[in-house]
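J.: Listed here are the chains, written in short residue letters.
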Amino acid sequence: MLTQQYGLIGVFAVIAFIFPIVTLAFTWLIRPKRPNPLKNSTYECGIETVGDAWVQFRAQYYLFALIFVVFDLEAIFLFPFAVAFNKVGWFALFEAIIFVLMLFVGLIYAWKKNALEWQ
Amino acid sequence: MDLRAIGESFIAWLQGLGIPDGWVLFINWLVGSVLILGLALTLALALIWLERKLAGRIQDRLGPNRVGPYGLIQPIADALKLLTKEDITPAEADRITYNLAPIIAVFHVLMLFAVIPFADQVVGANINVGVLYLMAFGALGTMAMLMAGWASRNKYALLGGFRVVAQLLSYEIPIALVMMIPVLLVGSLNLNDIASGQGGLFGLGWFVWIMPAAFLLYFIAALAEGERAPFDLLEAESEIVAGYNIEYSAMKFAWFYLAFFLNTWILSAIATTLFLGGWQGPFVDKIPALGVVYFFAKTFFMFFLFAWVRATFPRLRIDQMMAFCWKVLVPMGLALLLGAAIIVKMGAEMSWPGYMTNVLLLVMNIVVLLVMLSLLGRYTRTLSETKNKRLFAPELPRL
Amino acid sequence: MVGQILFIIVAAITLLMALGTVVARNLFHAALFLVGVFFGIAVLFIMLEAEFLGAAQIIIYIGAIATLIVFAIMLSKNVMGKEAGAYNRQWYLAMGGVVFFFLLMGWLLIQMPFAQVSAEVPADAISQIGQGFVGHFVVPFEVASVLLLVALVGAIMLARERNS
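Chains as they are written, first to last, in the numbering used here: chain F, 1 to 119; chain C, 1001 to 1399; chain S, 2001 to 2164.
Rather than coming from a laboratory, the hints here were simulated on the basis of the structure.
Cβ atoms here follow ideal geometry from the backbone N, Cα and C, with glycine treated the same way.
Fair warning: there could be bad hints in the mix.
[Said to hold, decoys possible] Simulated pairs of lysine to aspartate or glutamate, DMTMM-like, Cα-Cα distance not exceeding 20 Å:
#1 F:K33 x C:E1008
#2 F:K39 x C:D1285
#3 C:K1345 x F:E95
#4 F:K87 x C:D1193
#5 F:K39 x C:D1319
#6 C:K1053 x C:E1086
#7 F:K33 x C:D1319
#8 F:K112 x C:E1092
#9 F:K113 x C:D1319
#10 C:K1286 x C:D1193
#11 F:K39 x C:E1008
#12 F:K39 x C:D1193
#13 F:K87 x S:E2049
#14 C:K1286 x C:D1094
#15 C:K1327 x F:E95
[To be verified] If you want the ones that stay clear, here's a sample from chain C, every Cβ over 12 Å from chain F, calculated:
#16 E1092
#17 F1107
#18 Q1167
#19 V1368
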């Protein structure tokens, strides 16, 4: 049963990966190729590019990614609980509520510390 | 007529030819894969035409109307043009990553098609973790955009790439929370089970009727996940030119463009499956093939809503967008999830009749929605009094 | 038979990706190779019929951790896009340590009597995981939430320090 379903996903994954490569190779065969230095320069705003694009970024992005990791993990923990929901009792629901509230406290903390502001 | 029966008779025919079982299975997978790929590509062409035409009509224009009747051949003409265009790779770019990014972008969207149930049991792979599978391959798309933004070695591309990641990551949380609600109501992650759990006379069993606030939340978060207006900051033309795909041209750009449209359609299909009953509809139990019709009708209706919003709303600012996600959608999603869990458990423990639980769920949804709206409204009003009516830049409160 | 050939192919690709992670001179490329490793491990989970773990592997490691790593790379000063050498003066010391550890692990693995599981994976495996979370493993489950909370607070503290 399981093999049957994932077999299709496996075959489809190979096809879905190869198909765009094949089309790109095909256009490579038929398209014109006349590069010149001006054409290949970085397109920014009309005047020549100043400095490298790979610069140091702000910590803001990192902070949001960290908050995301925490909540993503929470979601992954809760999905099996949601599936088993009909088979567990009141006590289990109580435990899950504690689990969620704990994270909610975290969200309130982040809010309070202005970590959710995009500066 | 049953679509499932066609597949089974095809397998029987292959076995009749004396092909060993393992190869029959493999040929079956191959045919299934090619069918899904063909469907996805045809859909992409249709969707591009549809969205351009719709946006044209809404903005009092004609939309594409030159190539073919009603401009129907336009997407094919576009595809041919993009196939033969010169492809410019910036000299500074990191070549391998640069070329890999559009491939991954298409790959992740195509993979999502494999688990969507088009009718009862008519699904590429009927897996037990369907909802998680959608989340998993959705996450891969973020990586493709990050790769494109970084490899182009362009400041705007990099900025667009990082913006998109911040946005997609943030909005994945409310989406995951509301996707959990149908899972909780049905007790399965299997998309086919979730769709068949929404039966009932004339669509009364659809979860959108008992969880309207959750559906609304999904719709808003899906707008952001699909990078669509009003959340299309990553390609804000006036700010960062075109975002992560600025340096892409010809077929590589076409793949990003196609992935964008297919992603919107997939988000519509997920909304259909989780909240609009999937392939459920009148008489579908007697004529299973009707399920396909219902499914596509609902999905295209959802797509129409997406296109409508895109043609109507202006763009948000990035700080507003992030604050809206974390300060409005995430608390609301948590409240809805916990509320639904408590009500369903109470209903099961006290053995209420089914409609009672449903009415309570509906009431809970309306209450959550009203509380959220009144909080937002009150806050906006105090803001307009204190800040000299500078309503053009409302900010959500800091605690 | 087919399963074994597939396993060898997937395992080989995963190991090559892991090798790429270590030897890539560009940090961003190393991160991308790491994504490949995570994906390969997810495929291995699926081949063991552990669907939930496979999906969770992709969602958490590719969706969240790999992105975090990329952000960390771009956050660090003058690292992004730089070709960094893979060797320094102490490379032979590290090499010796790694070889020793590899031999130790290999020896342990050969000694280890692995249990042969032939039972089918139950159809409601995910439901059983959920029941386990709130039943037998409830203490680790709740401790995990505390851990996540601590991680969140720590992340905010760190980022605030960097900002100011």
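J.: Hint by hint, say whether it matches the structure.
T.: Verification of the supplied hints:
1. F:K33 x C:E1008: With a Cα-Cα distance of about 49 Å, the restraint between K33 (chain F) and E1008 (chain C) is violated, given a limit of 20 Å.
2. F:K39 x C:D1285: The hint is violated at about 60 Å.
3. C:K1345 x F:E95: holds, 13 Å
4. F:K87 x C:D1193: Measuring from Cα to Cα gives roughly 17 Å; hence the hint holds.
5. F:K39 x C:D1319: Violated - the C-alpha atoms of D1319 (chain C) and K39 (chain F) are around 35 Å apart, more than 20 Å.
6. C:K1053 x C:E1086: With a Cα-Cα distance of about 28 Å, the restraint between K1053 (chain C) and E1086 (chain C) is violated, given a limit of 20 Å.
7. F:K33 x C:D1319: Violated, at about 42 Å.
8. F:K112 x C:E1092: violated, 43 Å
9. F:K113 x C:D1319: Satisfied, since the Cα-Cα distance of roughly 16 Å is no more than 20 Å.
10. C:K1286 x C:D1193: Satisfied, since the Cα-Cα distance of roughly 18 Å is no more than 20 Å.
11. F:K39 x C:E1008: violated, 55 Å
12. F:K39 x C:D1193: violated, 53 Å
13. F:K87 x S:E2049: violated, 23 Å
14. C:K1286 x C:D1094: Given pair K1286 (chain C), D1094 (chain C) is violated - Cα atoms ~56 Å apart, limit 20 Å.
15. C:K1327 x F:E95: violated, 25 Å
16. E1092: violated, 6 Å
17. F1107: violated, 5 Å
18. Q1167: violated, 9 Å
19. V1368: holds, 15 Å
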